[in-house]
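Trainee: One letter stands for each residue in the lines below.
Protein chains: 2
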Amino acid sequence: MNDLGRNAANYAALTPITLLRKAAAVYPDHPAVVYGGIRRSWAETATRCRKLASALRKAGFKAGGTVSVLATNTPELYEAHFGVPMAGGVLNAINCRLDAKTVAYILDHCEARFLITDREFSDTAKAALEMADGGPVVIDIDDPAADGGELLGDLDYEAFLETGDADFPWAVPEDEWDAISVNYTSGTTGNPKGVLYHHRGAFMNAIGNTLEWDMGRHPVYLWTLPMFHCNGWCFPWTIAAKAGTNVCCRKVSAKAIYDAIADEGVDHLCGAPIVLGFMIHADETEVREFPHRCRVMTAASPPPASVLQEMAARGFDVTHVYGLTEVYGPAIACAWNREWDALDAEEQARLKSRQGVAYLLQEDAMVADPETLEPVPRDGKTLGEVFMRGNITMKGYLKNPEATAEAFAGGWFHTGDLGVMHPDGYIELKDRSKDIIISGGENISSIEVENVLMAHPAVAVAAVVAKPHEKWGETPCAFVELARGQTVTGEDLIAWCRERMAHYKAPKHVVFQTIERTSTGKIQKGPLRDLAKTVSS
Amino acid sequence: MNDLGRNAANYAALTPITLLRKAAAVYPDHPAVVYGGIRRSWAETATRCRKLASALRKAGFKAGGTVSVLATNTPELYEAHFGVPMAGGVLNAINCRLDAKTVAYILDHCEARFLITDREFSDTAKAALEMADGGPVVIDIDDPAADGGELLGDLDYEAFLETGDADFPWAVPEDEWDAISVNYTSGTTGNPKGVLYHHRGAFMNAIGNTLEWDMGRHPVYLWTLPMFHCNGWCFPWTIAAKAGTNVCCRKVSAKAIYDAIADEGVDHLCGAPIVLGFMIHADETEVREFPHRCRVMTAASPPPASVLQEMAARGFDVTHVYGLTEVYGPAIACAWNREWDALDAEEQARLKSRQGVAYLLQEDAMVADPETLEPVPRDGKTLGEVFMRGNITMKGYLKNPEATAEAFAGGWFHTGDLGVMHPDGYIELKDRSKDIIISGGENISSIEVENVLMAHPAVAVAAVVAKPHEKWGETPCAFVELARGQTVTGEDLIAWCRERMAHYKAPKHVVFQTIERTSTGKIQKGPLRDLAKTVSS
Chain A
1 MNDLGRNAAN
11 YAALTPITLL
21 RKAAAVYPDH
31 PAVVYGGIRR
41 SWAETATRCR
51 KLASALRKAG
61 FKAGGTVSVL
71 ATNTPELYEA
81 HFGVPMAGGV
91 LNAINCRLDA
101 KTVAYILDHC
111 EARFLITDRE
121 FSDTAKAALE
131 MADGGPVVID
141 IDDPAADGGE
151 LLGDLDYEAF
161 LETGDADFPW
171 AVPEDEWDAI
181 SVNYTSGTTG
191 NPKGVLYHHR
201 GAFMNAIGNT
211 LEWDMGRHPV
221 YLWTLPMFHC
231 NGWCFPWTIA
241 AKAGTNVCCR
251 KVSAKAIYDA
261 IADEGVDHLC
271 GAPIVLGFMI
281 HADETEVREF
291 PHRCRVMTAA
301 SPPPASVLQE
311 MAARGFDVTH
321 VYGLTEVYGP
331 AIACAWNREW
341 DALDAEEQAR
351 LKSRQGVAYL
361 LQEDAMVADP
371 ETLEPVPRDG
381 KTLGEVFMRG
391 NITMKGYLKN
401 PEATAEAFAG
411 GWFHTGDLGV
421 MHPDGYIELK
431 DRSKDIIISG
441 GENISSIEVE
451 NVLMAHPAVA
461 VAAVVAKPHE
471 KWGETPCAFV
481 ELARGQTVTG
491 EDLIAWCRER
501 MAHYKAPKHV
511 VFQTIERTST
521 GKIQKGPLRD
531 LAKTVSS
Chain B
1001 MNDLGRNAAN
1011 YAALTPITLL
1021 RKAAAVYPDH
1031 PAVVYGGIRR
1041 SWAETATRCR
1051 KLASALRKAG
1061 FKAGGTVSVL
1071 ATNTPELYEA
1081 HFGVPMAGGV
1091 LNAINCRLDA
1101 KTVAYILDHC
1111 EARFLITDRE
1121 FSDTAKAALE
1131 MADGGPVVID
1141 IDDPAADGGE
1151 LLGDLDYEAF
1161 LETGDADFPW
1171 AVPEDEWDAI
1181 SVNYTSGTTG
1191 NPKGVLYHHR
1201 GAFMNAIGNT
1211 LEWDMGRHPV
1221 YLWTLPMFHC
1231 NGWCFPWTIA
1241 AKAGTNVCCR
1251 KVSAKAIYDA
1261 IADEGVDHLC
1271 GAPIVLGFMI
1281 HADETEVREF
1291 PHRCRVMTAA
1301 SPPPASVLQE
1311 MAARGFDVTH
1321 VYGLTEVYGP
1331 AIACAWNREW
1341 DALDAEEQAR
1351 LKSRQGVAYL
1361 LQEDAMVADP
1371 ETLEPVPRDG
1381 KTLGEVFMRG
1391 NITMKGYLKN
1401 PEATAEAFAG
1411 GWFHTGDLGV
1421 MHPDGYIELK
1431 DRSKDIIISG
1441 GENISSIEVE
1451 NVLMAHPAVA
1461 VAAVVAKPHE
1471 KWGETPCAFV
1481 ELARGQTVTG
1491 EDLIAWCRER
1501 MAHYKAPKHV
1511 VFQTIERTST
1521 GKIQKGPLRD
1531 LAKTVSS
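Protein chains in written order, with this note's numbering: chain A, 1 to 537; chain B, 1001 to 1537.
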């Protein structure tokens, strides 16, 4: 029945661009972006995004092309999240802590036509541009707050904007399946993979975030999570959807966070556990009081009970989520259940430390046998791989049909993470496939051992990896960073673990050292595994 | 690039069915449906919906067919909103106040295979079935609370459910564009038109309602708005999305509303102004106190300042929305702007009486010339037709390609309502096209005259229609229902109007009488226009 088909009146492509247009139309004067002395309304921000789109097109940029940005959480990167798609382009936000060689690889792989780069990262950008085969047009962000560096391009971002037309049309993609961005996974081995997002998925996760967080109108959101990480979990678009205020932040620190909360009224922020650490371990001179509650969404590793309690006491309500680059950031959340209100803090923390259930707008999640895709029993014990599917899942890997096919085999996205399914349908991660320790044929979850170690008052951070062992195959080796002013011996920690878990799971070795994290707060276990091999038995 | 196409891992059809599945999975024990002595959890409700779907299929129902329901706001009609689509069917919820002839027309037009009918409406159903050409399978809802009537079919709803399988698979439509329901417009002239909704649109408006209302988790929603009206503005699906509680209500009255708020903790409800009238004009013995605020979404006619103030004093916060059957119920909302907080109550009411801006999830709305589709200036004065477009717009009219083409001409849905666009982008309705009064070549908005009349303390309800006039073409004729215990003369009211608006807009005749409303709270102006012709000049 042709008369009941799609037409311009009853169908519109789902795209985050609409969210900016609406915010600017309904709340033109509401503050959209705050950064140092800069305060721009939604009308102003929308105009700047339209000018960026227009300037790109005038400079020869063509729909379908890629614009890379090497920057931190400044207004320019926020604007690129709308301006680039509005030019029909694909945004490639590059992790500014990557080495030049990787940046060069990324620029070439995604065939960047433009590179918008912040002065502070000019060393990396310059070296990367020298190594890269392609030669993107370079536009400099010359932020007075940037630390050193030099200007590399012929164009300054602000001057470039001025070449654009403020009335650039609100063009939307013809197909909601069109790519909106490409984000490169950190890739501990081999080259990073380019994860393609489409407009439909970006829109869905933008809205999904509002639903999971039961977010009201006009949130004041602090940019502690890098926008180059899964497009800031799609929060650039989420904040537009709720006509909120983006408080940008060049360098995340305890002082910056508390000041933003107290001075700007920040009531929402996201971050890896390291951000929670900032807030708890802040110097007392940096801590500010504030009259409201601030909500924190955290991922990467489950917050222990002690952290949740300390956070609550300081005015923070923590929501625990889980995701990967391939699912637009978080796509599983530990949805709170009112029945848990009556439980004690320890038990609440235990429940909250689970990763949870698929986002309302993500179709499904399961824990299953990686070969047969047969779901594991809901016993909270049987280990399986975590799978997801639905509209908050990538298009695929750019120019990598093999990896794409592998990731989607059987009609589910293979996360590579191992977990269990609890009787109430909540997923709890146990490990990355490659981080599991197999000792005497038994699987040992490195996370489980780490959680026991972290519960010891002297331990600030613990990372447990497999150490090859002639007899057992592998044994757990623990790397421990001590809490400020604390001491403990390796023997004591091993004894602590043996009291609290099966003996074979307790670490056989404990190494005390500072533990490095990636920009997203994850501990890179590859180097630790190499180090573990050298620890004498 | 085929490897970046849609597959089962990264694409799922948008459908409200998912919302029920999620509510049942994450909050299985949370109360979903409350009705008299019945209290069913989301797990129980989901099971009943799956059984309904299964029972239909076992009884020979085929995907793509239609199931009609003639019932009021009871759990059965709620379940049909999920069970019928889960069987691959199209739900046709029939206005239970329609006459038998119209019901017969509807049953035949949508080719109903099944009719689920409440005993209370058996007179209508029986007569309709006798008149109808088709012979749907009849299933009786035998609610003990139903007033009289008889059982018509061979099957009782509860017995029918028992034939279904509780494990019926969570089938979703292959295409999100598939029809989910067909709702017949009241159609003041000619046969009613069958407005087809699709899964995508129903999903979008279900989520859209949560966004416009900034709805938190677990709302307690009172069913004052009929579910047979635009599928209850999609709220059956909205309440599932937020895992709320549906408090069903067979007969809406002031006592029922206040009791539900005080006893069940109802915090959200929708309704035409008549429902607001119930709450304000309730007998003091019926009014109950409650500790929380209750949010009310209202449409059909703008709430006057006095009503908003009285509502606020009684604990209600009113949101004003606008829509039509063709856009799934409300698709425009008077989004509150914080800058208005500082204004006085009168000014706030004036701003709130405007219909507002397109839903976040509805693409666009405009006021434009109905011929050229050229938008009117944003001056709050120039009259034009209201147009909408986007994902919250019907598939089209069932078996009526001409009407569909007309409704969608130029790529916009033609609402047939007249309004103005204010400088801030908010739309304000002035009239239905057919309700406008043209006097001496000047357009007179019947709503404008009605609002002036309603501001008079003696006037409870006013309806103004055109009366043919030899010299002027038409003149305004007012029908007025007096407020309890009040008196006023027609001359006084005419003088009142002349003091407050252009003289040619003031009514030339005033008729005092009770003013009938449709089940959705709208005043049917057709009969009044006929009556106006007989009023002696």
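Hints listed in this document are in silico derivations from the structure and should not be mistaken for laboratory results. A hint or two may mislead.
Unchecked claim - In silico negatives: residues of chain A with every beta carbon more than 12 Å from chain B: (1) Asp29; (2) Thr102; (3) Val252; (4) Ser253; (5) Leu482; (6) Ile515.
To be verified - Which stretches of chain A does chain B cover? Using the computed rule of at least three CB atoms under 8 Å from a CB of chain B, they are: (7) 310-323; (8) 376-382.
Stated by the list, open to error - Label pairs and their calculated CB-CB ranges: (9) Gly36(A) <-> Glu1346(B): 35 to 43 Å; (10) His1292(B) <-> Gly526(A): 52 to 60 Å; (11) His1292(B) <-> Glu150(A): 43 to 51 Å; (12) Gly1410(B) <-> Asp175(A): 20 to 28 Å; (13) Thr163(A) <-> Lys1381(B): 46 to 54 Å; (14) Lys1058(B) <-> Ser433(A): 37 to 45 Å; (15) Ser433(A) <-> Asp1175(B): 51 to 59 Å; (16) Glu1289(B) <-> Ala145(A): 52 to 60 Å; (17) Glu1289(B) <-> Asp263(A): 56 to 64 Å.
Where a beta carbon is used, it is the ideal one built from N, C-alpha and C, also for glycine.
Trainee: Against each hint, give a clear statement of whether it holds in the structure.
Mentor: Consistency of the hints with the structure:
The beta carbon of Asp29(A) is not kept farther than 12 Å from every beta carbon of chain B, the shortest such distance being approximately 7 Å. Residue placement check: Thr102(A) keeps its beta carbon more than 12 Å from all beta carbons of chain B (closest about 23 Å). The beta carbon of Val252(A) is kept farther than 12 Å from every beta carbon of chain B, the shortest such distance being approximately 28 Å. With a closest Cβ-Cβ approach of about 31 Å to chain B, Ser253(A) is found to remain outside the 12 Å limit, as its non-interface label requires.
For Leu482(A), the non-interface assignment is confirmed: its Cβ lies about 40 Å from the closest Cβ of chain B, beyond the 12 Å cut-off. In this structure Ile515(A) is separated from chain B by more than 12 Å, as the shortest Cβ-Cβ distance comes to about 34 Å. Restraint check on the segment 310-323 of chain A versus chain B: 0 residues with Cβ-Cβ distances below 8 Å, three needed, restraint violated. Counting residues of the segment 376-382 of chain A whose beta-carbon sits less than 8 Å from any beta-carbon of chain B gives 0, not enough to reach three: the coverage restraint is violated.
A hinted range of 35 to 43 Å for the beta carbons of Gly36(A) and Glu1346(B) is consistent with their spacing of about 41 Å. Under the hint 52 to 60 Å, the C-beta atoms of His1292(B) and Gly526(A), about 53 Å apart, fit the expected range. Between His1292(B) and Glu150(A) the C-beta distance comes to about 60 Å, which lies outside the given range of 43 to 51 Å. A beta carbon spacing of about 22 Å between Gly1410(B) and Asp175(A) agrees with the range 20 to 28 Å that was offered as a hint.
Checked against the hint of 46 to 54 Å, the pair Thr163(A) and Lys1381(B) fails, with Cβ atoms roughly 38 Å apart. For the hinted restraint 37 to 45 Å between Lys1058(B) and Ser433(A), the CB-CB distance of approximately 43 Å keeps it satisfied. Under the hint 51 to 59 Å, the C-beta atoms of Ser433(A) and Asp1175(B), about 36 Å apart, miss the expected range. Between Glu1289(B) and Ala145(A) the beta carbon distance is about 55 Å. The supplied range of 52 to 60 Å therefore holds.
For Glu1289(B) paired with Asp263(A), a C-beta distance near 40 Å fails the hint of 56 to 64 Å.
Violated hints, listed in ascending order, are 1, 7, 8, 11, 13, 15, 17; each of the other numbered hints is respected by the structure.
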